[in-house]
Structures are given as C-alpha cells and as structure tokens.
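*Asks:* Protein chains in written order, with our numbering: chain H, 1 to 789; chain B, 1 to 229.
Please keep in mind that the hints were generated in silico from the structure rather than gathered at the bench. All of these numbers come straight from a predicted model, not from anything done at the bench. The beta carbon of each residue, even a glycine, is placed where N, CA and C say it ideally should be. Errors might be hidden in some of the hints.
[Stated by the list, open to error] Here are the simulated distance ranges between beta carbons:
| no. | chain 1 | residue 1 | chain 2 | residue 2 | range |
| --- | --- | --- | --- | --- | --- |
| 1 | B | 141 | H | 21 | 24 to 30 Å |
| 2 | H | 716 | B | 65 | 32 to 38 Å |
| 3 | B | 136 | H | 727 | 40 to 46 Å |
| 4 | B | 76 | H | 423 | 32 to 38 Å |
[Unchecked claim] Derived SDA-like pairs (lysine to any residue); straight-line CA-CA distance at most 25 Å:
| no. | chain 1 | residue 1 | chain 2 | residue 2 |
| --- | --- | --- | --- | --- |
| 5 | H | 17 | B | 136 |
| 6 | H | 422 | H | 65 |
| 7 | H | 327 | B | 136 |
| 8 | H | 14 | B | 8 |
| 9 | H | 65 | H | 516 |
| 10 | B | 136 | H | 313 |
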Amino acid sequence: MLKHNLLIIFRKFKRNKSSFFINLIGLSTGLACALLIYLWVNDELNVDKFHEKDSQLFQVMKNTKNAEGRILTFEWTPGPLANALAEEMPEVEYAVPVQFSTKEGILSVGDKHIKAKEQYVGKDHFNIFSYHLIQGYKNKVLTDKYAVVISEELAKKIFHTTENIIGKTVEWEKDKFSGTFFVSGIFERPPSNSTDQIELLFTFEFYKEKEAAVNTWQYNAPSTYVILKKGTNIDQFNKKIGNFLQEKTKVDYHSLFIRQYSDKYLYGKYENGVQAGGRIAYVRLFSIIALFILAIACINFMNLSTAKASRRMKEVGVKKAVGASRKALMVQYLGESLLITYLSLLIAIILVELLLPQFNEITGKHLALNFNVNLILSVLGITLFTGLISGSYPAIYLSGFNPATVLKGKLNTSISELWARKGLVIFQFTISVILIVSVFVVHKQIAFIQSKNLGFDKDNIICFKKEGKLEKGLETFLYEVKNIPGVLNASCHLPNLTANRTGTDWVSWEGKSPEDKVFFKYLFAGYDFIETLGIEAKEGRSFSRKISTNDSKIIFNETAIKSMGLTNPVGKTINLWGERKQIIGVVKDFHFESLYEDIKPCFVLFMPNLDNMNIIVKIKTGMERATIARLQKFYKEFNLGLPFEFKFLDDDYQALYESEGRVAVLSRYFAGIAILVSCLGLFGLAAFTAQKRFKEIAIRKVLGSSGFGIVRLLSGDFTRLVIVSLLIALPVSYFIAKHWLDNFAYRIELELWYFISTALITLLIVWFTVGMQAVKAAMANPVESLRYE
Amino acid sequence: MIKTKNLKKIYTTEEVETTALNKVNFEVKEGEFVAIMGPSGCGKSTLLNLLGMLDNPSDGEYYFFDQEVSRFSERQRANLRKENIGFVFQSFNLIDELTVYENIELPLLYQKVSASDRKKRVTEVMEKMQMIPRKKHFPQQLSGGQQQRVAVARALVGNPKLILADEPTGNLDSTHGEEVMELLSKLNENGTTIIMVTHSPAYAEYGNRIVHLFDGHIITENMKGKFHV
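Take the sequences, apply the hints, and build the full model.
*Replies:* Right under this line is the structure:
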C-alpha cells in the first residue's frame, strides 16, 4: 500500500508540475523562515540557561520609591547583603556580591600590557555560576584576597600558554584598585549565550579594602546573586526578604525581591516595580511571524489541492467503490502533503545554510545548524506539523466525496467550500498587508529617530574614555587636542548621553513650596561641554576658564526652569545637595537619554575630574580621517602607547535602537517573503481558475468580449478578495503600529498615506500576478478551447 | 442475495427535493444476470449506487445476504463492498496515474492481499482478458474497448460475488460493446451475479431478467419472454 501511495504521489507530482513547484517553493521558503526563526528563538530562550543550577540561581533586585512616588527597579544592592543573606536566611545555599566595572584597566606581565574589564566577586562565585575552570578548584580560587582568576584567552595573550601559570604574578593598573596579584585559576571562555562575558575576576575582599563605602548598607553598587536550596518556595522567600533592607538601613523606601538569573535577558524591563516584558516581546513577535509565514505556505497547498479536486474525483470514487475506507484515503493524502513537506525541508535546509551568514549579521548572533538530537527532533517536528496542517483540509475534503456523485463526474462545490478557500486567501493577504504596513512604520520611526533634532549636534563627535595618563592630565590633554588641525572643540562629561540613570530631588529654590516635587537628572561636565555638543544657549553663559568658582555654578535646561517656576533665573542661587549654587546659564532642551524618554528637568555641573569621564572631540566635517589619525598619534604619545579606542557618538546613539534596527531589517525580509509566498499561491490559483473557465472565456470572446474584458473578469474575483483583506488588515495594522509607537516618547504620526500606499502596492502585486494568467487566457484562440467540447 | 423493501432515495438541494427512487421492492438471487432499463433520469444509476452501497437510501430497507445494511456506516459499507462487489462504469473510471497492471491490482490492495498473491491473481485475470502485453500501459494509451476490459478485469480480480455494471457499453462502439457483453455473460455462466444498467435493448437481452424503471418506480419485470406486471 505504501508503495502504491508513493507511486501515485510521484506520478501526480510529475503530471502537475506547476502546482508541485508552487507548493515546493512555498513550503521550502516557509520552512526556511521558520527554521531561521526557530534557531534565533531557541538561542534567545537559552541565554544564560547553561548554568547547572539555573532553576535555583537568582539575582537579588531592589525596588526604590522615588520622590514622585514611582518605583524604580535596580540591580545594585549594598555590599554586605550577600553575606547577610547567606548567614540569616536558611534557604540560601550560596550568595555572592559581584562588582562590575564600566571601564577597562590594564593587566601587565613584564612589558606585555593588555586592556581588560574586571569584576570583583565573592568567594563562592564558581559555586553559583557554572563557568568551567580549566585550572584551579572552584572552592579555592577566590579565597586569597590577592588572587585573580583569568580567562583562557587572556592567559594565552599575556602568558602565551595556559600551562604552569598558577601562582604567577600579574600587575593590574586601574586607579585605586591597582596592585600585584597572583593567578589562582583559569576559566574557559563563557559560551556565546552567556550575557556575562567575564575576562578577569578579582576578589570582593580586595574591593572592600579599596572602596570602604561598599562595607556599608547605604552604598549600593554590587549586584547580589544567590543559589536557593532546592524546593524553596520563591513567593514565600520574596515575602521574607521584602523588608530585609529596611531592617538593616532603617529607610522605608527600599524593598528587595529575587529574579531568576536567566530571566534577566528576556524579561529585563521593569515599570514602576512590575516586570514589564523586555526582549521576550521580540521573541514572541518573530515566533508569530514564523507561524504566519508557515501558515501562508500551508494555505497555498490547501488551496491548490482543493481547487484541483475535480481532477481527483475519479480516483476517490473508484477507490471508494473498490472498498477503500475514508481513513485509507486520508492517509494517502496526508502522506502526499507530508512527502512534499519533507522534500521542501531538504531545500529549506540548504536555504538556511546559505542564508545563515547574512541572518547572523542582521541578528548579531552566531547561529549554526548543528544537528544534535534536539535540533533534529524539533526540525522534524516542525515539518511534520506543517505537513499535517497543509494536508489536513485537502485530506478531509477529498476523502469526503460521495463516490456515487463524483463517479458521475459531478462535483458539488458547496458555498461553504468556496468560502473556505476564499477565506484562506483573505487570511494570507491580511497577514501580508499587516507585515507591509509594519515595515513602513518601523522604517519611518527609525528614520525619524535618526534625523530627530536632539538639541545638540551628534555628527562628527568621537568619544573615548578617560584612562591611563589622562586620569591626571586631562586638562593638558584637552588643551593639546584642541590644537590638532581638524579638531573644532573638545570636552568631557558623565554619564553617557544615551543612558542617564542619575536623579535627585534634593534641590530647593526661591519660592519652592512643600508640594513642589521636581525630580532632576544631571550631567557632570568640563569646560566647553555646551559648545562641543552645540547645545543652544537660551540665556546666560557656560562654564568659563576665566573664573575659578565654576564649582559653585550650575546650568539648567529650560524644562527645569519651567518646573521650578523661576523667572529671570540667571544670577539666582539655588540649593543643591545642601550647597549653594548660582545659576549662570539656561540651555534649550536637549536629549540626554534615548527617545523612549521625554526630556526631563536637568542640570549640568562643572566637575571634570571624576573617574570614568567620557571625552568628546568635535571634528571638522570632511577632515575626519586625517584628524582621527593625528588624534591617534597624539593619544598614543600622551598615553604610553595605549591603543586609541574610540566611538562615534552617532554610532553610540544608533546602538540605542539596535533592536529596532534589527527588527526593521528582518521585518522587511519577512514581509517580502510573506507577500511572495502568498502571490505564489494566488498565481497557481489564478492559473487554475483560468483553465477551469476556459470554455466560458472562449464563449465570451466569440460573443465579442475584448481581451481586456477577459482580464478584468478574471482579476475581478481576486481583487475583491484582496480588498476584503485590506479592509481587515489596515485597521488591525493601525492598532499594532500605534501600540508599538507608544513605546517612544518621540514618534511619528501614523499618516493615511502609509495605508494607502500599502493598499496600492498589494493591489499592484496581485494584479500583476493574476494578470499574467488572465492575459494568457484572454490571448488564447477561442476555437482551440471550444473544439474540446 | 439482494432484497430491498420500499427503498427510497431523495436528493435535496436548497431549492428542490427530487425523489429519485420511490418505494422500490426488488430482489436478486445468486447467479442471476439482471438488466435494468429505463429512460434517462428514471433512477437506474441511483438504484445501482444504493445496491453497491456507494450511497445510503433515504428510507426503506436493503438486505445484502440477509443482512440489513441501509444504516451501515461508511466504514462498514466499504468493508462489505471490497469483499463482495465489483464495479464496471460507463466512463471506465481508470486512474490515470496508474498502469493497467496497477489499476487491476487496486482492489486487492484494499483487501490487504499479500504481494505474491496479488501478483498471481492480477496476472491470472490479465491472461484471461488477454491484457498481458498492455500491462505497463497507462489508460490514456488504450482504446475505449481496451480500457473497459481493464475496468472489467479490475472488477473481477477480487473474485466478487456480485458485479454491478453501469452502462458498461455506453462509451463503446458496437464491436467493443459486444466483446464486453460476452465477457460479462461468461462471468455469469461461471456463477457471478451481475446487475447491469443499460440503454440498449439488445444488450439487455444478455440478462436473464430485465427490470424497467420509470420515474423512480419499477414498472415491469421481464423474465426472458415472460411478462410480470
């Protein structure tokens, strides 16, 4: 029977080449998309999941209520927390503090110097996280205060080997954390799906010695991670630690809770203390897109198979007459769809192999088709599912024929069947239209963000960190930099212009009432900050070298002045953090955060000597290359041969919208594929309709219809279907687009023409697809068709 | 072998209700060769489809080997069909994708006959029908008469007790038509019961009983020369 089924399937494929290829192309494209998205989603879902005790591994999080009553969620906690939890909470098996660092230091052995980013971690670090130690024991490597555990790569770079270096000393240079350490262990590079790509681990004991504040409960800098004992009830534990900080610090606006460590990546966003999604939104979005594209391909199969049912009537009738059960026929038709889906899978795998490099580039991943048991089972499963879905409707439909009727050559197409087929086409185009609108909106929004006037000029500004010799000699350095031909200006500031996590309400001013609760953001800057960025001054002046009292001056933005309700602010004095500051200037509003945030009250203080400052240099347009080369040369001379690593502010800014950018590119491809596969099906359907109506077309032509009349006749049906799709899809896409744009404080308005042009594009594509078939039918000689009678 | 009581078949569409068969009482004994005649639309094919269990009656009873089958499920009917009945159609109804050999083999596949047995039986039938040289041909490559011979061979291969033939000669010229009739006759002589629908009085004479249908009723039964009313 199997042989018989296979035989008949192959002969069918051979006889109906066009629908066979339409199905093959559609299904293999659909499967290829689904596979790519599966690889991506699977990778996303497995980020940070490799830790052996993943289900017990939690990060302690802190909710803090600010002056406005909003709850902000932080990852940083007091230094003593880890030890206190380990000692006081019986549920805690291990707890460690981890102090991350935002900039690199220099690791040296002899005259070999290498930049690296370190962490200061508690002694049980390797009991909590499953990083693989290739040298050293997990209970011992972090017990000595001056121990350092380094990555295999770092070891190879600095020692050229990983053998026999345990116990060897290294020099570490980084502000007050500099010193001599001995290597106690070497770990393997964390897998690529680890968010924490550790390079260099020092002990938290050492950190505590150098940064005394971390020993207090008031200073929140390290993150705290715990392993909870098996069987711990998470809700109860959360209740238990909720007030833990309040008891220690006696302030009531902090509360603690735990979050599974591996949830950080996908569920990283908190709004007002409540988990509010994160990257998971994109995982869901793309999973849905994959399902939709597969559905579109399945629908092609369903529609073509059922439309061509008249060709199979005889087969069904005869087989039933000789005793085939409905089940046997369903098995045959499902077998047919499964066979073609598995054939498509082979092509899909080739497509995926070809497309993976580009896909990785777009998604920023390192995905590969490594056929392990999991992947094979999933791929076979997805294919089985696709085959069963596409085969189900035809199998039920075809096997349900009444043999007595079909053997007479009659096929009673009921209204419901026609509607089912039309409904499926409408569904395909609805999805395609929604995707096309999304592409429009995402692109417009990204373009809008990129061209939005930020209140400063981000072009041709390069940034780098203050480090090495610059720590002490920044003023000299900046002075010299300004003399380099091609450099227009230079300054420094903190924090980044793309992420500002500062905030204070400890500000008072003349006329402030007790109800006034203004929450200010702030920036620390050096001379020429306003000028280098090209921020527009509204009144007053900026910090000046001519006076020595810049420390007691302050510059506000317009929003801040409005919030405080000050008139003629320049010259007035306010009180900040218990010190008097004189307002010397007001600047027009500029964006010091991403465009997800609106502009908040903000002030700029003169404080160029902080650690970690960002240095910004404005370069003359057209001279970028030469100027950067000169800067590089100068930097190296000034900073002892340290490599000059810089970024363009513009790139930094683009990186803010990295996910959006990726979504934009991907959605463009997927929308293209969706419409292509939909049209492929339509093409097949149109060809078949033209064929089925060939007699009608011939008679109409004989009776005097023009070729154009025939084209219109054939396109009309499909046009109506597409118009119905548009009527459904356009409102739906409006709501989806609006919902997405609501994420942005600054966003485009949804304009009518996005929708009109989507409608036109869709109609044009459909007319082109159907038109090709219609023209062919209209051109045929009517005598040819009528002769068959 | 076959007995119907008040067999009724009504076709309904959204607008009209057509009574194709009305209270048909009909009996066929084993070994008979019955010809059913009547004008177009009188219900001949409907009756044949009901007898062949391709369709269920709207009312009445149908006894097949003393078993009431009119309310059988599709699966039960399929099982009875494949063991007992062979069909021959006017338009041959060979499957285009299958060769002569494979078309004949088809009923055996659904009867779950073993491969070696299938080969034996198909070859036997083909020999009887002198179809061996055509075994690998596809239906499109054969003449009408040849196609109908394949169809008869397919009806025979399962050794059915009953052959239902719906105008088996309708699409054939007289030479080929007679050839098929001779074939059916011979089968009947060897014990196979045959019920055949035909338009042709000449071919109806091959049967040992002629039943005339009109507007869904049996109006006469003619036992070779004798007239019953």
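*Asks:* A separate judgement is required for each hint: does it hold in the structure or not?
*Replies:* These are the hints, each one checked on the structure:
1. 141(B) / 21(H): 24 to 30 Å: holds, 26 Å
2. 716(H) / 65(B): 32 to 38 Å: Distance hint for residue 716(H), residue 65(B) is violated at roughly 56 Å.
3. 136(B) / 727(H): 40 to 46 Å: Cβ of residue 136(B) to Cβ of residue 727(H): about 55 Å, so the range 40 to 46 Å is violated.
4. 76(B) / 423(H): 32 to 38 Å: holds, 34 Å
5. 17(H) / 136(B): The hint holds at about 22 Å.
6. 422(H) / 65(H): Since the Cα atoms of residue 422(H) and residue 65(H) sit roughly 55 Å apart, the hinted pair is violated (cutoff 25 Å).
7. 327(H) / 136(B): Between residue 327(H) and residue 136(B) the Cα gap is close to 29 Å, so the pair fails against 25 Å, i.e. violated.
8. 14(H) / 8(B): violated, 44 Å
9. 65(H) / 516(H): With a Cα-Cα distance of about 17 Å, the restraint between residue 65(H) and residue 516(H) holds, given a limit of 25 Å.
10. 136(B) / 313(H): holds, 23 Å
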